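A.B. asks: Residue numbers (full-length UniProt numbering), protein chains in the order written: chain A, 1 to 608; chain B, 1 to 389.
Since the hints were derived computationally from the structure, they do not count as laboratory data.
A quick note: this is a predicted structure, and the numbers were derived from the prediction, not measured.
Watch out, some of these pointers could steer you wrong.
Said to hold, decoys possible - Subject to a maximum C-alpha distance of 16 Å in a straight line, what follows is the list of computed EDC-like cross-link-like pairs (lysine to aspartate or glutamate):
hint, chain 1, residue 1, chain 2, residue 2
1, A, K577, B, E71
2, B, K307, A, E576
3, A, K579, B, E374
4, A, K8, A, E197
5, B, K110, B, D159
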Amino acid sequence: MKPEDRIKRRDRIRNFSIIAHIDHGKSTLADRILEKTSALTQREMQDQMLDAMDLERERGITIKLNAVQLTYTAKDGEEYIFHLIDTPGHVDFAYEVSRSLAACEGALLIVDAAQGIEAQTLANVYLALDNDLEIIPIINKIDLPGAEPDRVRQEVEDVIGLPGEDCIPASAKDGVGIDEIIESIVEKIPAPQGDPEAPLKAMIFDSLYDPYRGVIVYVRIMEGTVKPKQKIRMMANGKEFEVAELGVFTPKPTPKDELTVGDVGFMIANIKQVGDSQVGDTITHAAKPTPEPLPGYRKLNPMVFCGLYPVDTNDYNGLREALEKLELNDSSLQFEAETSQALGFGFRCGFLGLLHMEIIQERIEREFNIDLITTAPSVIYGVTLTDGTELEIDNPSEMPDAQTVDHIREPYVKAEVMVPNEYVGPVMELCQKKRGDYVDMKYLDENRVNIVYNIPLSEIVYDFFDTLKSSTKGYASFDYELIGYKESNLVKMDILLNGEKIDALSIIVHRDSAYDRGKHIAEKLKNLIPRQQFEVPVQASIGQKVVARSTIKAMRKNVLAKCYGGDVSRKRKLLEKQKEGKKRMKSVGNVEVPQEAFMSVLSMDDNK
Amino acid sequence: MRRSLYLHVPFCGQICHYCDFNKFFLHNQPVDRYVQAVEKELKETAEALPPPDPIETIYVGGGTPTAVTPEQLRKMLRAVRTYFPVSNEVEFTVEVNPGSADASMMRMLKEEGVNRLSIGAQTFDEGLLRAINRDHKAGQVEETIHLAREHGLTNLSIDLMFGLPTQTMGQWKDTLKRAVSLPITHISAYALKVEPKTVFYQMEKRGQLVLPTVELEADMYEELKQAAADAGMTQYEISNFAAEGFESMHNLAYWNNDEYYGIGAGAHSYTDSIRRRNFGPLPQYLKAVETGSLPYLEQHTVPVQEKMEEEMFMGLRKRLGVSRKQFQHRYNRSIGEVFPGVVEALTSRGLLASNGDRLFLTEEGKLLGNDVFEQFLLAADPVPAEEEN
Numbered sequence: 001m002k003p004e005d006r007i008k009r010r011d012r013i014r015n016f017s018i019i020a021h022i023d024h025g026k027s028t029l030a031d032r033i034l035e036k037t038s039a040l041t042q043r044e045m046q047d048q049m050l051d052a053m054d055l056e057r058e059r060g061i062t063i064k065l066n067a068v069q070l071t072y073t074a075k076d077g078e079e080y081i082f083h084l085i086d087t088p089g090h091v092d093f094a095y096e097v098s099r100s101l102a103a104c105e106g107a108l109l110i111v112d113a114a115q116g117i118e119a120q121t122l123a124n125v126y127l128a129l130d131n132d133l134e135i136i137p138i139i140n141k142i143d144l145p146g147a148e149p150d151r152v153r154q155e156v157e158d159v160i161g162l163p164g165e166d167c168i169p170a171s172a173k174d175g176v177g178i179d180e181i182i183e184s185i186v187e188k189i190p191a192p193q194g195d196p197e198a199p200l201k202a203m204i205f206d207s208l209y210d211p212y213r214g215v216i217v218y219v220r221i222m223e224g225t226v227k228p229k230q231k232i233r234m235m236a237n238g239k240e241f242e243v244a245e246l247g248v249f250t251p252k253p254t255p256k257d258e259l260t261v262g263d264v265g266f267m268i269a270n271i272k273q274v275g276d277s278q279v280g281d282t283i284t285h286a287a288k289p290t291p292e293p294l295p296g297y298r299k300l301n302p303m304v305f306c307g308l309y310p311v312d313t314n315d316y317n318g319l320r321e322a323l324e325k326l327e328l329n330d331s332s333l334q335f336e337a338e339t340s341q342a343l344g345f346g347f348r349c350g351f352l353g354l355l356h357m358e359i360i361q362e363r364i365e366r367e368f369n370i371d372l373i374t375t376a377p378s379v380i381y382g383v384t385l386t387d388g389t390e391l392e393i394d395n396p397s398e399m400p401d402a403q404t405v406d407h408i409r410e411p412y413v414k415a416e417v418m419v420p421n422e423y424v425g426p427v428m429e430l431c432q433k434k435r436g437d438y439v440d441m442k443y444l445d446e447n448r449v450n451i452v453y454n455i456p457l458s459e460i461v462y463d464f465f466d467t468l469k470s471s472t473k474g475y476a477s478f479d480y481e482l483i484g485y486k487e488s489n490l491v492k493m494d495i496l497l498n499g500e501k502i503d504a505l506s507i508i509v510h511r512d513s514a515y516d517r518g519k520h521i522a523e524k525l526k527n528l529i530p531r532q533q534f535e536v537p538v539q540a541s542i543g544q545k546v547v548a549r550s551t552i553k554a555m556r557k558n559v560l561a562k563c564y565g566g567d568v569s570r571k572r573k574l575l576e577k578q579k580e581g582k583k584r585m586k587s588v589g590n591v592e593v594p595q596e597a598f599m600s601v602l603s604m605d606d607n608k
Numbered sequence: 001m002r003r004s005l006y007l008h009v010p011f012c013g014q015i016c017h018y019c020d021f022n023k024f025f026l027h028n029q030p031v032d033r034y035v036q037a038v039e040k041e042l043k044e045t046a047e048a049l050p051p052p053d054p055i056e057t058i059y060v061g062g063g064t065p066t067a068v069t070p071e072q073l074r075k076m077l078r079a080v081r082t083y084f085p086v087s088n089e090v091e092f093t094v095e096v097n098p099g100s101a102d103a104s105m106m107r108m109l110k111e112e113g114v115n116r117l118s119i120g121a122q123t124f125d126e127g128l129l130r131a132i133n134r135d136h137k138a139g140q141v142e143e144t145i146h147l148a149r150e151h152g153l154t155n156l157s158i159d160l161m162f163g164l165p166t167q168t169m170g171q172w173k174d175t176l177k178r179a180v181s182l183p184i185t186h187i188s189a190y191a192l193k194v195e196p197k198t199v200f201y202q203m204e205k206r207g208q209l210v211l212p213t214v215e216l217e218a219d220m221y222e223e224l225k226q227a228a229a230d231a232g233m234t235q236y237e238i239s240n241f242a243a244e245g246f247e248s249m250h251n252l253a254y255w256n257n258d259e260y261y262g263i264g265a266g267a268h269s270y271t272d273s274i275r276r277r278n279f280g281p282l283p284q285y286l287k288a289v290e291t292g293s294l295p296y297l298e299q300h301t302v303p304v305q306e307k308m309e310e311e312m313f314m315g316l317r318k319r320l321g322v323s324r325k326q327f328q329h330r331y332n333r334s335i336g337e338v339f340p341g342v343v344e345a346l347t348s349r350g351l352l353a354s355n356g357d358r359l360f361l362t363e364e365g366k367l368l369g370n371d372v373f374e375q376f377l378l379a380a381d382p383v384p385a386e387e388e389n
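Whenever a hint applies, use it, and build me the whole structure from the sequences.
C.D. replies: The structure is reproduced here in structure tokens:
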């Protein structure tokens with residue numbers, strides 16, 4: 001392409017993404033836009049095709065980003081090139097969201113006409129504003145009986161500061177307002193800037209591993225032009241690769257001779273590990289590199305840790321393979337082998353957040369068919385020993401003895417909860433109980449309040465979501481970001497069964513809540529562990545001090561009376577069932593503990 | 001050894017809330033056809049699997065064998081002797097419900113050579129009898145015993161149940177006191193187990209069943225052992241107590257892992273190393289027999305490994321336990337070889353004891369029998385689980 005053609009082409013490009021809360025209609029709107037821009041025939045179109053994986057569809061979230069090139073002939077008669085960049089919809093992936101937003105000049109903000117703005121949406125709007133994006137507000141689902149477009153319009157004005165009259169009323173489901181939305185993409189979203197002839201600056205906003213092609217890198221070209229066979233360099237680690245193929249998604253992958261300023265597409269360059277194509281990194285030419293990478297790159301570190309163990313010990317190698325495969329596609333997933341005396345062989349894994357953890361867990365169970373036991377999620381504690389040594393501990397069982405610890409620091413997050421005002425009381429109560437420090441409370445309108453607390457991350461990972469949901473009847477929306485470390489009065493609490501420590505159940509708790517947590521776990525175990533021949537004490541202890549205990553009474557009687565008129569096989573079946581049940585138990589302190597007992601104590605689902 | 005025969009009479013005038021045996025409400029049932037089918041099955045079984053020795057024990061159970069008429073029952077009892085050689089010393093037991101056997105029934109039983117009755121007393125508490133839906137009153141147990149003795153039937157056993165819904169220790173002690181004061185030779189006592197396909201099962205699912213705690217049940221069991229011992233009875237098996245010389249030979253045949261015939265709808269048998277189960281539902285059972293085949297629903301040839309396992313988990317129920325010599329004799333291998341370390345482990349847990357040749361349960365072992373028995377299941381090659389219908 002000639003230089004002047006590249007400029008002409010650049011000016012007809014519109015790059016945008018869609019910001020929406022779960023269920024507010026992002027995928028439906030994306031589908032409508034795809035239809036209007038005839039990227040696909042109806043027959044090719046699978047409903048909500050941007051959400052590729054089953055899991056995403058079921059949970060209504062998008063895990064992997066996608067970028068689609070569309071062409072649209074506007075009312076001015078010109079043909080425009082749209083790149084629709086899809087973003088993940090959860091706080092755990094905030095950084096990835098910010099990078100895909102950085103690949104755009106504009107964003108469609110979808111707000112549900114009945115529900116208004118949610119905390120998550122707001123967080124992404126701020127990300128969009130940070131990236132100087134032109135925001136087009138859309139009030140969707142105006143067809144719903146509970147729709148209050150005027151109230152929501154006012155909210156957009158009050159909360160985000162966008163003029164309310166700019167909101168486009170729409171019903172993506174019924175196709176209402178779609179033409180207006182698409183026209184406003186052309187009119188309002190600026191064309192990309194940047195010099196096609198300058199040294200290459202291509203921003204990576206996602207990558208995925210393909211078993212046949214290696215890593216497929218999703219890029220937005222900010223400056224310069226790139227072509228196949230050129231040598232490129234990853235600016236974060238200096239590694240160089242040769243471009244094998246370039247292209248765009250229409251949404252089928254379609255090879256191109258070059259990608260130039262404003263283009264959003266893929267690059268294949270014989271890259272073996274996703275770790276070599278970090279989101280946010282800048283790709284440049286090896287021969288004529290740019291002196292400055294694009295701003296905003298940072299390496300992602302896991303925030304939440306847990307142990308993953310196969311229920312069936314025979315699945316250990318399968319689990320390793322599963323993690324290795326997932327890691328190919330997910331550079332923020334970390335894992336290393338670990339052994340638990342109670343759970344056997346497994347892996348300590350690090351995740352960006354709770355949702356990330358759940359997704360990985362579910363994918364292992366679903367795609368690799370391995371049943372997992374997941375230990376209580378933990379965070380990274382900063383530990384200073386009395387001799388001044390600094391440690392980072394992400395596994396409670398590795399916490400040093402209390403006598404050697406000078407103090408412990410824990411990560412805090414800024415948590416924003418948005419609720420209808422009748423739930424302010426319960427939310428504040430919950431935040432207080434979770435050791436939160438009050439920061440701010442703002443009325444967004446007569447009815448809705450944004451509450452801000454600084455809360456230890458460890459309290460967030462322990463049943464915060466569920467309690468929040470149940471105490472606000474599901475009306476609260478919630479968002480958090482890491483703000484740093486703070487010293488806390490933390491202790492390691494061990495759970496002992498028949499006098500023997502169960503390493504997998506050790507937790508780090510605030511001293512003030514140790515008794516309650518210990519009592520709760522001891523009671524729970526008492527009810528889940530079958531009676532043994534002897535009495536079994538269950539204790540929660542801090543160091544040598546027992547803070548809570550319960551007792552599993554001895555099994556007094558377990559014998560079958562009758563022979564059922566000579567029905568020996570029935571008797572045998574009962575005994576075999578009993579024996580089979582015990583086989584799935586782990587022996588701790590001479591006590592047979594069913595899997596279920598571990599899972600129930602470790603799972604976050606049904607605490608209290 | 002195959003010297004025992006079980007005959008099942010699956011009819012009842014009333015269905016108990018705990019019962020999951022193969023039984024049918026008597027009203028409008030084809031009893032006469034059933035009697036003929038039993039006669040035919042006895043004949044064909046004796047032809048297909050000829051008894052190597054005379055029959056030493058016959059047990060007629062149900063259901064309620066005495067729910068049918070004396071003449072109907074007589075035909076079935078007689079057919080046993082018609083087709084099978086029966087020893088002069090036979091132990092011939094019929095289950096009798098209190099109040100369900102009148103003088104003519106007793107007379108018939110005596111005439112047909114029955115010499116032992118098993119009477120389903122269950123409890124002497126009127127309220128509990130109603131709660132478990134028995135169709136007799138407590139006093140009818142004494143009446144039945146009296147009537148039996150008048151007819152020369154003096155070897156009498158009663159069945160008792162404990163761990164019944166809402167049952168207290170006081171109620172159980174009263175029942176035991178009354179039981180041991182009776183002129184009986186034998187007590188079978190079973191803890192209630194709530195089984196699927198019973199009224200109690202439904203009630204339990206709805207939370208309507210208040211059962212005693214395991215502790216109370218264990219205490220009741222201890223009380224039972226004590227009461228029986230005080231009455232001069234020996235606990236010759238986990239659930240069975242007898243005056244000297246009155247152990248049930250039929251029962252012991254099961255625990256000794258001996259073979260036995262099983263006749264009638266839903267009956268189990270063990271012959272030539274094959275365990276079989278007959279069709280339970282009457283139409284299927286009748287059709288099978290009437291069309292000239294034996295009414296087997298399922299058959300399982302017991303491999304030697306299972307025999308050895310069963311020898312242990314059945315045999316250990318007995319006071320005398322399992323003889324090492326006899327085990328060696330039957331299987332040409334020692335218990336230690338077949339179940340390495342198991343006896344030692346259970347002994348160190350205080351559940352198993354030994355006096356030279358014999359291995360037997362300790363008192364604690366009797367309470368935790370299943371934990372012991374389970375240890376004698378060998379890991380490899382388990383029996384394929386067969387669906388119950």
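A.B. asks: Each hint: holds or not?
C.D. replies: Do the hints match the structure? See the list:
1. K577/A <-> E71/B: violated, 44 Å
2. K307/B <-> E576/A: holds, 15 Å
3. K579/A <-> E374/B: holds, 6 Å
4. K8/A <-> E197/A: With a Cα-Cα distance of about 13 Å, the restraint between K8/A and E197/A holds, given a limit of 16 Å.
5. K110/B <-> D159/B: violated, 21 Å
Violated hints, in rising order: 1 and 5; the structure is consistent with all others.
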